[in-house]
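Letter by letter, the chains look like this.
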Amino acid sequence: MTSVIVLRGVSPLGGDPRDLVIAGGRIAAVTPPGGGEHTSVVAEAADGAAGGTRRGPLIVDGAGLIALPGFVDLHTHLREPGREDAETVESGTRAAALGGYTAVFAMANTDPVADTAGVVEQVWRLGQDAGHCEVRPVGAVTKGLAGSQLAELGAMATSAAAVRMFSDDGHCVSDALLMRRALEYVKAFDGVVAQHAEEPRLTAGAQMNEGAMAACLGLPGWPAVAEEAIIARDALLAGHVDSRLHVCHVSTAGSVEIIRWAKAKGWRVTAEVTPHHLLLTEDLVASYDPVYKVNPPLRTKADTEALRAGLADGTIDCVATDHAPHAPEDKETEWAAARPGMLGLETALSVVIETMVTTGHLDWAGVADRLAAAPARIGGVADTVLDVAQFAQVGTPATLTLLDTQAQRVIDPAAFASRSTNTPYRGRTLPGVIRATFLRGRPTVLDGKIV
Amino acid sequence: MGVKRHLLSTADLLLDDALLVLDTADRMARVADAPVRKLPTLRGRTVVNLFFEDSTRTRTSFEVAAKRLSADVINFSARGSSVSKGESLKDTAQTLEAMGADAVVCRHSASGAPHRLASWVRGSVVNAGDGTHEHPTQALLDAFTIRRRLGRVDGLAVTIVGDVLHSRVARSNIWLLTTLGAQVTVVAPPTLLPLGIDGWPVGVSYDLDAVLPKSDVVMMLRVQRERMSAAFFPSEREYSRRYGLDADRAALMPEHALVMHPGPMVRGMEIASSVADSPRSTVVDQVANGVSVRMAVLYLLLGGGTDRETT
Numbered sequence: 001m002t003s004v005i006v007l008r009g010v011s012p013l014g015g016d017p018r019d020l021v022i023a024g025g026r027i028a029a030v031t032p033p034g035g036g037e038h039t040s041v042v043a044e045a046a047d048g049a050a051g052g053t054r055r056g057p058l059i060v061d062g063a064g065l066i067a068l069p070g071f072v073d074l075h076t077h078l079r080e081p082g083r084e085d086a087e088t089v090e091s092g093t094r095a096a097a098l099g100g101y102t103a104v105f106a107m108a109n110t111d112p113v114a115d116t117a118g119v120v121e122q123v124w125r126l127g128q129d130a131g132h133c134e135v136r137p138v139g140a141v142t143k144g145l146a147g148s149q150l151a152e153l154g155a156m157a158t159s160a161a162a163v164r165m166f167s168d169d170g171h172c173v174s175d176a177l178l179m180r181r182a183l184e185y186v187k188a189f190d191g192v193v194a195q196h197a198e199e200p201r202l203t204a205g206a207q208m209n210e211g212a213m214a215a216c217l218g219l220p221g222w223p224a225v226a227e228e229a230i231i232a233r234d235a236l237l238a239g240h241v242d243s244r245l246h247v248c249h250v251s252t253a254g255s256v257e258i259i260r261w262a263k264a265k266g267w268r269v270t271a272e273v274t275p276h277h278l279l280l281t282e283d284l285v286a287s288y289d290p291v292y293k294v295n296p297p298l299r300t301k302a303d304t305e306a307l308r309a310g311l312a313d314g315t316i317d318c319v320a321t322d323h324a325p326h327a328p329e330d331k332e333t334e335w336a337a338a339r340p341g342m343l344g345l346e347t348a349l350s351v352v353i354e355t356m357v358t359t360g361h362l363d364w365a366g367v368a369d370r371l372a373a374a375p376a377r378i379g380g381v382a383d384t385v386l387d388v389a390q391f392a393q394v395g396t397p398a399t400l401t402l403l404d405t406q407a408q409r410v411i412d413p414a415a416f417a418s419r420s421t422n423t424p425y426r427g428r429t430l431p432g433v434i435r436a437t438f439l440r441g442r443p444t445v446l447d448g449k450i451v
Numbered sequence: 001m002g003v004k005r006h007l008l009s010t011a012d013l014l015l016d017d018a019l020l021v022l023d024t025a026d027r028m029a030r031v032a033d034a035p036v037r038k039l040p041t042l043r044g045r046t047v048v049n050l051f052f053e054d055s056t057r058t059r060t061s062f063e064v065a066a067k068r069l070s071a072d073v074i075n076f077s078a079r080g081s082s083v084s085k086g087e088s089l090k091d092t093a094q095t096l097e098a099m100g101a102d103a104v105v106c107r108h109s110a111s112g113a114p115h116r117l118a119s120w121v122r123g124s125v126v127n128a129g130d131g132t133h134e135h136p137t138q139a140l141l142d143a144f145t146i147r148r149r150l151g152r153v154d155g156l157a158v159t160i161v162g163d164v165l166h167s168r169v170a171r172s173n174i175w176l177l178t179t180l181g182a183q184v185t186v187v188a189p190p191t192l193l194p195l196g197i198d199g200w201p202v203g204v205s206y207d208l209d210a211v212l213p214k215s216d217v218v219m220m221l222r223v224q225r226e227r228m229s230a231a232f233f234p235s236e237r238e239y240s241r242r243y244g245l246d247a248d249r250a251a252l253m254p255e256h257a258l259v260m261h262p263g264p265m266v267r268g269m270e271i272a273s274s275v276a277d278s279p280r281s282t283v284v285d286q287v288a289n290g291v292s293v294r295m296a297v298l299y300l301l302l303g304g305g306t307d308r309e310t311t
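So the sequence lines, in the order shown, correspond to chains H and G. For the first sequence, counting from 1, position 328 maps to 328 in this note's numbering; every step adds exactly one. For the second sequence, counting from 1, position 162 maps to 162 in this note's numbering; every step adds exactly one.
Looking at chain H on its own, in the form it has when it is part of the complex (with noise of 0.2 Å):
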């Protein structure tokens, strides 16, 4: 049962230091640090949560530490069932929370294929047996992401999993037709379809980023038209019918251009962006190393200072992983024979720094809107924290996360709680450890460990 915790001298979104009281799985008082005046309130609070068996209360301390709102990733590959040698729930679900994440959304591209109630619903217990974070399943727009035909999208919403998100992720819904039914037929339930924008026509065979370095390395290119197009016409088809759309892993300058402008018309468009799109470019394929090798590929320089903007301005609305486990076979090989995708869940917070926050572009609270507030929104996730402004104010949900913006870490694979280790950041220092995780009350990282 969850019991009394008193976090001591936290700072809620990088502000003055406080310590917080959660009992009940929520935040029962906020006190300046070090007053003795809390300890009446984690007294009444320890009554009123531990249900008569007293106990004393966990205390943190959490001085120097930045407290934000739990993250949520719009984008986990959890690789179960099917590929649990790449990554399972438990294992996926294990390096969230050591990245600060409070939910997840797993994406369908599972076999089999989460595309009925039955096997979201298996994904969804899954997680709550973990019990390392929130897993809140994605269900495949198409039947076998095949997209030809609709898969049974209302099941997957009214079972117990309770699907809000809809992508055929890893496939673009590429007929137009197709994508149009797919936006109007989740109005029905609040749904919300996330592409994967990707002309497949401009893409066939393609590598990494279309330009003078594939020109180079004689690799096929993927250009940036061939997720822009898709990206205008579905904001189109968004727009007409009034539907929400929601863009995955936009890569280019273009898109945020397309996309500042399906806003600027009302349109319910929302957008993310993953961390290694922040930070790396498409030189890094000079190597050969697949670890590189990622869909959308890297880009180049000037895409990923225009992302940076997007996402400071809000154009993109939030960060996402796309953590994409893979088995060393799938990598360990030539690059066209190699799998697309690299994690993050375990690296996302420290790139968000090094990229947002050190060059200026975000302040805390901005780094809680990118990952927390905002894809809590998108997502439809319940008991957190849906607008900044409320974060930390007594009687809002205790899921959050304390980081060590001090420390600094060398990136090491063998220490992920992943069951993979497909990382480009291997030996690169990064800014921000994650010491603490809370869900809903509940500490699922102390220490920077697992609980």
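Think of the hints as simulated: they come from the structure by calculation, not from any bench. All C-beta atoms, glycine included, are put in the ideal place defined by N, C-alpha and C. Keep in mind that a hint or two might mislead.
[To be verified] Partial pick of chain H residues on the chain G-facing surface, computed with a CB cut under 8 Å: (1) Ala215; (2) Leu217; (3) Asp330; (4) Glu332; (5) Ala337.
We have chain H already, so just place chain G on it with the hints.
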């Protein structure tokens, strides 16, 4: 060869390295003319020809080169081996490593495969053509052929015609010939030029007739008929009319100018038979020079030379 242990690309080959290969190839060519066409230099060394794509001519050229240097040669062809049963490139690399290969000559359909191989084996890796990336020894033998016929490469105008987009020969030649001081121009329909070529150190033209009179060397690339189905050009005849080198076009070239082709040729498509078999054609020289250049590469990579020891 300079500071390098492998020959993976001509893009990072320094001028001195390139000249060293060409000068060494000159010496190797003399072996071919000697009564005993064999040097003891690489006795006891093992060269593995690892060919994931069929290429009888390139494989044979490397095999002859290695044997003339007295190396033991193992031909490891993907077909019929465990590779065709799904063995990974890495497993193959480990197998070769265990066999003690001193050099691995690798041909692969995937761009960058030799780079990956080089990170998994201790021996030297020679790229014998990877996907649409590079084919460094082809470029070296082309440069060698030009130098033998015209006396120099520096200052020459070299025109490369055809499917540059998919050509590893074009890429390797562009980097190498530019390093050696030639001015390279590429001519092709825009669909067969890579996007981003404007960043390359080459001139670009869509008009072959305009470029031919100013060319000292015209290098024709093979154009695969299959490209038609992917809408790169409308028809074989249209390609041939606009970009094929027939006798009339060849007459636009200066008297001394050479016609080159890396082979295999598609006669009647990118090149007319009368041009391919004309005295200005170097097609047969290129094959012979291939052995000398590959001998030089193996010799230099395997440290056969004590007089010009490299690090």
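Going down the list of hints, with the structure as the test:
1. Ala215: With a closest approach of 3 Å, the Ala215 (chain H) hint holds.
2. Leu217: With Cβ-Cβ at 6 Å, under 8 Å, it holds.
3. Asp330: Violated, because the Cβ-Cβ distance from Asp330 (chain H) to chain G comes to roughly 10 Å (cut-off 8 Å).
4. Glu332: At 5 Å from the nearest chain G Cβ, Glu332 (chain H) passes the 8 Å test, so the hint holds.
5. Ala337: 6 Å, holds
The structure fails to meet hint 3 from the earlier list, while all remaining hints are met.
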